[in-house]
Amino acid sequence: MPALLELAEVTVRYGGLAAVDNVSFSLEPGEVCAVIGPNGAGKTTLFNTVTGNAPTSGGRILFRGEEIQRLPPHAIAARGIRRTFQQGGLFGELSALENVLTGLHTGIVSGLVGLLLRSRRALAAEREATRAAYGLLQRLGIAELAERPARELSGGQQRLVEIARALAGDPPLLLLDEPAVGLSPPMRAALEAVIGSLAREHGTGILLIEHAIELVMNLADRVIVLNYGAKIADAPPAEARANKTVLEAYLGHA
Amino acid sequence: MMLPQLVVSGISTGMLYAVVALSMTVVYKATTVVNFGHGDLVMAGAYAAFVFTAGLGLPFVPGLVLALGVLFLMGLVIERALIAPILAGPHLALAMMALAAGNVLRGAARLEWGRETLMLARPYPQTAFLLGPVVLTMDDIVITGVVTLLLLVLFAVFHLSPVGKIVQAVFQSQRGAALVGINVSAFHGTMWGTGAALGAVGGALLALNTALTPDMGAWTLVRGFAAMTLGGFGSLYGAVLGGVLLGIMEKLLGFYVSTAFIDITAYVVTIAVLLVRPRGLFGSGALRRV
Amino acid sequence: MASPRRHQRRLFWLLPLALLPLPLFLDQYQQYVVNLMLMYVPVGVGFNVVVGNLGQLAFSNVAFFGVGAYTAGILMAKLGLPWWATVPPAGVMGALAGCAASVPALRGVRSFALAIMTLAFGELMRWTYIRSEWLTGGSMGMAVPASDLLGWRLDLEAHKFYVFLVLATAVVIATDRLLRSRVGRAFMAIKDNETAAAAMGVATGRYYVLGLAWSGFVVGIGGAMYALLVGHLSPDSFNLIELILEFAIIMVGGLGSLVGSVLGALVITATPEIFANFPGFEELIFGLLIVLVILVLPRGLASLLARLHPLFRDRYLEDA
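Just so you know, the sequences run in chain order A, B and C.
Take 40 as the starting number for the first sequence in the numbering used here and just add one per residue.
Take 22 as the starting number for the second sequence in the numbering used here and just add one per residue.
Take 9 as the starting number for the third sequence in the numbering used here and just add one per residue.
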């Protein structure tokens, strides 16, 4: 059984600088893996290589055994890898519900003709999707925001909408880029519960960039520590916390 | 042996394109707005020159200078009143606003002079000289001479004068310039005015050779774009070189390949360059791809 | 779903029905003007899909319009086809032109560069009409022969009205369904945040082509309507001035709003007829109108209507 996600010696160079430097690791279904490191360590760039937004200068990325490093972002997303963005990831003009519906885009099967003729199949597909989208908003406790345009929502609410959108279609692999930023404590608790249940009950593989230590300690099965683009640790949270190299990396950047 | 003749006439037309493209580039560098109404400013400049010379009976050079002044003000007012308020907004609104402003100018020109065919009288005799295998008309000499002189003056001002240094600073970094205390928004207005005045020079030169019509703007706009695209969007030297190259290409392709190219070189160049090498010859990738 | 939405859908059917007796009250000239308005509905709708919904500065609308008109005219004049048979080909040729126009977008050309390129494309098309004298009559233009619809005369304005009403209604309803579906959402997503759209699995390239092809199809049909209505095609009808008129339609009506496209078509096409005797006045008015709309009412007339009654509320008018 190939791993859910495998990075093999992935490198990203911009000019002479290695933003990601020979990183290798793998992720299994149901694992929650936190990627941490000082600012500028290359965490978001790493995410971007997986989702196809950053070209790799070397190495391979395999999703369920298939090489994806040369695929365009939408093809990668269609294979079941979804993400949230550090900032500005939502569609401001669309409502919260419509934002989640775009996450279901690949799942709504309807041909152009059926769409134009309002065929039973097209209508049913749309209704199904709307129901599912609503359900996702409910799961994150923000169902009442469904009709509001996304740009009118608070930062924390927007974050939750983005997460709901990322969950659309039950993706086997989820990349969450600082999902807890701007969330109030009750929202964080909801987030933790959702991520936990996704991993344990649904078997979703989750890669998480996060600075909030408690979230990392509570949720992560493993922690990968990046510094200057290179992996300096790959261990369970308690172990990583005690690792000398890791401490030096953080202190060195302080 | 037509080649030298073609090149010479090509340079002459090319100089015209160069000054128009330069005027558009000045506006673009200052505000990153592509002025879709610039062709109509060129047209307005031509009509203004006409009004001051034929209409008010002034001699050519003072008439032209007044026309430049009027166009400077026009450019300034358009930028301050119509562009500045929406500068931070979507590109579509800026493109439309520029287009609409040009439209108003064109409509006004058509209302006033639409039914007449007007020409700008040449202040020089319409003679020609034979230079080896090449026939040089006075028009060629005047256009090339005026534009070259203008370019030299601009070069001197840009690189050697204190004003020029300020312009360079703002072109390089608006935020940096603002930090140093330069009034960037006044700069925007001034640059639109300058661009309009430069365009007016092109308009006047054009009107010496061809009839004044309200529709000369569209013709000019497309060729200005072609020159800017070829030379590289956002590059001042590129605009000039692109213009001259375009003029030469039109003549050469028009003779050696097909007369169709006299009309369509501009369109073909625009489409081809943007598809294949969007930053043109000297561009910095200003019109970046996604 | 929400009640206003269902009412809005009904409006698209009911309004045309209510207009059926109109020819009884109008003289030939007035009927011609109404027909002109109906002709501009698909033109505005198609343009708005690309500029308002997909959010791209593709200034190629006049190219689609011309291609549709000349396709219809040539098929009628050279092959003797009746007008109604030229409508689908006009749409198809328009759609093909739309696909051609999508090539730069697929190559990543955006914003002002796309605008310039599509402008050049439009001018190139116009040059083609002028140079293809054997086909199009060149700069003198070509006459479009009279036609009928299976025996029913089409040279009467009233008869054209009914045909145009059917076509315009069909275009509006079909586009409405398109925009309300995942396709419409994909358009808006791409307009708003192309990177995020791709991250959701939206194959952006496909939707560029679809948006421009749909636009071309619909505007091409408008072109065929033009051929029948005006009876004469000349390259000068498809120039920059025409483009600005079409801009005025979607900007004054309301960008991204289907209701806006219809409104704009009604309001703007009345203007040239009023000012036919004063060349230049029309351009002046359009220019001022667009300036005013951008400064004061950026979401167009439809946003005003939406404030009055939720029936006219469109997806894009939320902050009206």
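Hints are computed from structural coordinates only; laboratory data are not their basis.
Hints may contain errors.
Said to hold, decoys possible - Computed spacing ranges between beta-carbons, pair by pair:
id: 1; chain 1: B; residue 1: L139; chain 2: C; residue 2: E281; range: 58 to 64 angstroms
id: 2; chain 1: A; residue 1: R52; chain 2: B; residue 2: T280; range: 21 to 27 angstroms
id: 3; chain 1: C; residue 1: E281; chain 2: B; residue 2: E137; range: 23 to 29 angstroms
id: 4; chain 1: C; residue 1: C107; chain 2: A; residue 2: R103; range: 18 to 24 angstroms
id: 5; chain 1: B; residue 1: T53; chain 2: A; residue 2: S223; range: 22 to 28 angstroms
id: 6; chain 1: A; residue 1: V148; chain 2: C; residue 2: L32; range: 43 to 49 angstroms
id: 7; chain 1: A; residue 1: R52; chain 2: B; residue 2: R298; range: 23 to 29 angstroms
id: 8; chain 1: C; residue 1: L316; chain 2: A; residue 2: R170; range: 31 to 37 angstroms
id: 9; chain 1: C; residue 1: A166; chain 2: A; residue 2: R170; range: 26 to 32 angstroms
id: 10; chain 1: C; residue 1: G116; chain 2: B; residue 2: I203; range: 32 to 38 angstroms
id: 11; chain 1: C; residue 1: R115; chain 2: A; residue 2: R103; range: 29 to 35 angstroms
id: 12; chain 1: B; residue 1: T53; chain 2: A; residue 2: L151; range: 34 to 40 angstroms
The structure displayed is predicted, hence computed values, not measured ones.
For each residue, glycine too, the CB sits at the ideal point set by N, CA and C.
Violated hints, by number in ascending order, as checked against the structure: 1, 2, 4, 5 and 9
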